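Protein sequence lines correspond, in order, to chains A and B.
Start counting the first sequence at 747; every next residue gets the next number (the numbering used here).
Start counting the second sequence at 716; every next residue gets the next number (the numbering used here).
These are computed hints drawn from the structure, not numbers from a lab.
One thing to keep in mind: the hints can contain errors.
To be verified - Restraint ranges, calculated between C-beta atoms of paired labels, are given here:
id, chain 1, residue 1, chain 2, residue 2, range
1, B, V797, A, K800, 51 to 59 angstroms
2, A, R924, B, A720, 32 to 40 angstroms
3, B, V810, A, V1098, 46 to 54 angstroms
4, B, V797, A, V1098, 31 to 39 angstroms
5, B, V797, A, E1114, 53 to 61 angstroms
6, A, N1017, B, I852, 25 to 33 angstroms
7, B, V797, A, R924, 34 to 42 angstroms
Note that the structure is predicted; figures quoted are calculated from it, not measured.
Just so it is clear, CB atoms sit at the ideal spot from N, CA and C, and this is done for glycine as well.
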Amino acid sequence: MTLKGKLIAGLATLALTAGMAHAEGVKVGMITTLSGGGAGLGIDVRDGFQLALKMAGTSDVELIVEDDQQKPDIAVQIADKMIQSDQVDVLTGIIWSNLAMAVVPAAVAQGKFYLSPNAGPSALAGAGCDKNYFNVAWQNDNLHEAAGAYANSAGYANSFMLAPNYPAGTDAIAGYKRFYEGAAAGEVYTQLGQTDYAAEIAQIRNSGADSVFFFLPGGMGIAFMKQYAESGVDIPLVGPAFSFDQNILQAVGDAALGVRNTSQWNKDIDNPANAAFVEAYQAEYGRLPSLYSSQGYDTANLLLSAMAKADLKDADAFRAALEAADFASVRGDFAFGPNHHPIQDIYVREVVKEGDVYTNKIIGTALEDRGDAYAAECKM
Amino acid sequence: MLLLAEQVLNGLQYGMMLFLMAAGLTLVFGVMGLINLAHGSLYMVGAFACAAVAAATGSFWLGLAASLAAAAALGALVEIVVIRRLYARDHLDQVLATFALILVFSEGTRWLFGSFPLYLSLPPVLSGAVTLPGGLIYPAFRLAIIVIGVLVALGLFWLITRTRLGIRIRAGEADREMIAALGVDIAKLYTMVFALGAALAGLSGALVGSVQSVQVGMGEPVLILAFVTVVIGGIGSIKGALIGALLVGMTDTLGKALLPGLFARFMEASAATSVGSALASMLIYVLMALVLIWRPTGLYGARA
């Protein structure tokens, strides 16, 4: 062995022992979307999560973040690497339901904990639930169900429904119809990623509807709302918060003002945890938090609360500590249902302009202590 | 009836937008024999330039001018630095290199502007809807896109058929060695054609960005449709690009609007919706296949 080789070997040993010294803490692998069109969501989840760790001032959590590029195959590769070579204890971070379906079942089968900060596909809430899988955000249908409940209370009786033609889109319309009691003026599935809605808006104009429910996340929602505002159609819009998050609203501008949308969180929910979160987030990142930021933040605080109560090596005790959800959620009341999905209030918000910034304010509660429709199918 | 008229206008507007993309693509493809996957990135650059300048100056029109200038300048730069080395290589190398350009431009734009969509609003003159004769209410901006598309088409026909540059472009398409031998500076011609195509893509991006959304990766879905248009119209033909774009725009819009209703006549409503919309999204590819069976070189294509 040459001198240089010896030196490298020595350094490697040193690094290994240094690594062992910190092995007492919890290693968290975050797989999330940091590039491509959906990057805004992943960045917010990551920033919220990191903010919670920073505010707790803890050094017990070692966080590894990797970009899944919104591709299921890449997410699976990262998960394998994190589990086998980084040996993480807890996985989190996935935004999209199709990626969650690719990663979560395999990860929990290997005894890892998975805390979902966003995706909540029905398969993982019902028959496919797992004792090591916790969803800290919502089951996918929840915000749509709340939109349906709101439509009833607003007196809408003839809704036009619009969603992209993929699983979360069909779930959205199914969720809306689960609570909405009126008639359907039309039900249109658009292409995923479509950005021109002229044909659909023409149909809405001629449908005789008294309300339009739409689920078009990301750039799709921006395009739809701008075109809708220009079209001269003035039927009221209602939808889940995904098309009205803090980042999207700035791109939509005036076209979104006054639109009602449903969310489990908003920056004006009045509790000390939320006030501290909103203030610290703005100070740290110079922008208002979105609901994705709040979900990342809650996920980290849930993890920290469980770590304070139990040692991760005792998986049963750690699981019980997670189930207790003994942390101050920025949403206020928060508990887990029997399938490890949240039971929480879902609010109706209205888009307003505060100074130069477009944001939401809460105007009422759509559903109280809502669990989800699939809990009964879950056998743990 | 009003609904059908509105959908026909929508199809026309969509076709014009596609034409702006496809015209540049077909010129570059036809004259230079180059497959340029990065055409969608130039579209994105145009939209971002328009949004940035409009936000800084408050004027949409300055933004529009900036989108043309930025896309043309970037197009010329890319041609000189990268594309020029690719003419002699085969199509696989061109596809690889221009795909790399997509990645560079996407991440570069993200680095400059961030991951969140930018805001670009319409100028007051063009916002809102106008009432057309017959009582049809239609967004003013979409009418403006149709008008701009027609003007660009007329301008290109004039350029190709009536000017010296047009003669050179047509000659370059027919036999590039011969016109080089006749003393035409082929390198300069190629740079100009590429910049012209880039400017059209940038203009299209700025126009579309103001009704849709300005974000990283916005160019790729349009690029696929632009390629379909070019293949239908025939490679290298501006006339083909125009006819192809209108065909694709009409087929797509009317298919989406009419098919679900058609199926609802003999099927259950929810099944009709899903079958109809699935078929509508395939329709333009069916159209492309039919055109290629009928005319393998496309409608106005001179060579395969």
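We went through each hint and held it up to the structure:
Distance hint check: the CB atoms of B/V797 and A/K800 are about 43 angstroms apart, inconsistent with the given range 51 to 59 angstroms. For the pair A/R924 and B/A720, the beta carbons lie near 37 angstroms from each other, so the given range of 32 to 40 angstroms is met. A C-beta distance of roughly 48 angstroms is found between B/V810 and A/V1098, which places it inside the suggested range of 46 to 54 angstroms. Between B/V797 and A/V1098 the Cβ separation comes to about 47 angstroms, which falls outside the hinted range of 31 to 39 angstroms.
Between B/V797 and A/E1114, the C-beta spacing of about 59 angstroms keeps the proposed range 53 to 61 angstroms intact. Roughly 46 angstroms separates the CB atoms of A/N1017 and B/I852, a value that falls outside the hinted 25 to 33 angstroms. Checking the proposed 34 to 42 angstroms range against B/V797 and A/R924 shows it is violated: the Cβ atoms sit about 54 angstroms from each other.
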